[in-house]
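Novice: Okay, here's what each chain looks like letter by letter:
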Amino acid sequence: EPEVTQTPSHQVTQMGQEVILHCVPISNHLYFYWYRQILGQKVEFLVSFYNNEISEKSEIFDDQFSVERPDGSNFTLKIRSTKLEDSAMYFCASSVSGATNEKLFFGSGTQLSVL
Amino acid sequence: AQKITQTQPGMFVQEKEAVTLDCTYDTSDPSYGLFWYKQPSSGEMIFLIYQGSYDQQNATEGRYSLNFQKARKSANLVISASQLGDSAMYFCAMREEVIQGAQKLVFGQGTRLTINP
Chain A
1 EPEVTQTPSH QVTQMGQEVI LHCVPISNHL YFYWYRQILG QKVEFLVSFY
51 NNEISEKSEI FDDQFSVERP DGSNFTLKIR STKLEDSAMY FCASSVSGAT
101 NEKLFFGSGT QLSVL
Chain B
1001 AQKITQTQPG MFVQEKEAVT LDCTYDTSDP SYGLFWYKQP SSGEMIFLIY
1051 QGSYDQQNAT EGRYSLNFQK ARKSANLVIS ASQLGDSAMY FCAMREEVIQ
1101 GAQKLVFGQG TRLTINP
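For the protein sequence lines, the chains are A and B, in the order given.
Following the numbering used here, the numbering of the first sequence begins with 1 at its first residue and continues without gaps.
Following the numbering used here, the numbering of the second sequence begins with 1001 at its first residue and continues without gaps.
Next up, chain B with everything else stripped away, as it sits in the complex (with noise of 0.2 Å):
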C-alpha cells in the first residue's frame, strides 16, 4: 500500500498566486512526521517545513504552510505569493519507525510545480 501519495504530476501556477501542493498519507502509528522537501533543478534536497503527528497548529515557515487534517490523513503544502523561483519538484515525506532515532523517511512520488510569469 502506498504510504505517501502526491496525486499531481505537474502544476503550473502564475507568478504571486498561491498554490496548494496535495499529500496523503497512510499509517496506523499514532506517532509519526510529515516533511515537505524542494528539489530545483540541481538535485539537492531542500527541507521545507515539518509537521508533527501530535502537533496543535500547522506548521509555517515563511511562505510555506501545512494544512494538516489528521482525520484525513493530509498534509497539503501552501505556498503563498508563488516565485519564479519556486518552480522545483516538491516531495512530500513521512517519518517512517524511529528506531535507536534514525530518520527513516518514504517519500511519495513528488510534483513538478512550475511557476509562470
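With the rest of the complex left out, here is chain A (with noise of 0.2 Å):
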C-alpha cells in the first residue's frame, strides 16, 4: 500500500538552528499537512497546504516555520530558528482530497529534539 515517507526518523539539533523536515506524501494526492505531537499531549494541527499554497495554519504556525513543495513529490517544514519548546513529533499527512469524509495517511512522523 502506498505511503506517507517521513525523513529523517530523529533529528537532534541546537537551539537557533535552522532545520527542514521531509516528507514526500503519496504521488496521487493534492492536500498536504504537517501537525506534531509534543511528549504526552495531544496531536496538533499545524499547517495544511493546497494547490501549492497555505490553505489553513494554527496559531503555532509562526513566522519562524515556512513549508513548501520544491519539486512534484516532496513536501518540506522549515523552521528558521528553533526552540526548546519546538521538541516534538512531526508528522506529515496527506488526503487525495479535502471532502469531508476523506482519511488522512500519516508518516512515521520526525521526532526533533531542541538541546
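It is possible that part of the hints are untrue.
Said to hold, decoys possible - Simulated pairs of lysine-lysine, DSS-like, Cα-Cα distance not exceeding 27 Å: (1) A:K78 with A:K57; (2) A:K42 with B:K1003; (3) B:K1070 with A:K42.
The set of hints was computed from the structure by calculation and includes no laboratory data.
The two chains are supplied separately, each in an independent frame; assemble them into the complex guided by the hints.
Specialist: See below:
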C-alpha cells in the first residue's frame, strides 16, 4: 500500500539552528499537512497546503515556520530558528481530496529534539 | 474548552475480548466528521474508521465499529475479538472547519490499549 515517507526519523539540533523536515506524500494526493505531538500531549494541527499555497495554519505556525513543495514529490517543513519548545514528533500527512470524509494518511513522524 | 475528550488514559483487555474506547466531542457545527486513528509503537498514525455527522448508520470497518450517539456527542470505538496486535495508542479526532477543502483535525489525548494474552 502506498505510504507517506518522512525523513529523518530522528533529528537533534541546537537551539537557534534551522531544521528542515522532509516528507514524500502519496503520489496522487493533492492536500498536504503537518501536525506535531509534544511528548505526552495531543496531536496538534500546524498547517495545510493545497495548490502550492497554505490553505490554513494554526497559531503555532508562526513566522519561524514555513512549508514548501520544491518539486513534484517532496513537501518540507522548515523551522528557521529552533526553540526548546519545538521539541516534538512532527507528522506529515496527505489526502486525495478535502472531502469531509477523506482520510488522512500519516507518515511515521520525525522526532525533533532541540537542545 | 476541550473539543475532543478521551477519558481513558489506559485500558487493559484480555485477548479475544471486545473493548470500547470512549470519545466525546464538543462542537456547534452541524456538519462534522469523527475519525479514529491507531498509533502503534512504530509511531505512524493509521486510519481506522470515520463517522460523518449526517450518517444515519454507525460506521463499521471489519473488527472496528463506531458507536455514534449524536445527542450525547459521543463516538466510541468498539474493537471486537481483540488481538495482541491491537495494542497501541488510539486517538479520536474531529474534523473542524473545512476551509477550502482542507482537513483540519482536532485530536483527543489518546487511550493506550494493551491486549494481554
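Novice: Now tell me, hint by hint, if it's right for this structure.
Specialist: Evaluation of the provided hints:
Restraint check for K78 of chain A and K57 of chain A: the C-alpha separation of about 14 Å stays at or below 27 Å, so the hint holds. Between the alpha carbons of K42 of chain A and K1003 of chain B the distance comes to roughly 11 Å, so the proposed pair stays at or under 27 Å and holds. Our distance criterion of 27 Å between C-alpha atoms is met by K1070 of chain B and K42 of chain A, whose separation comes to about 23 Å.
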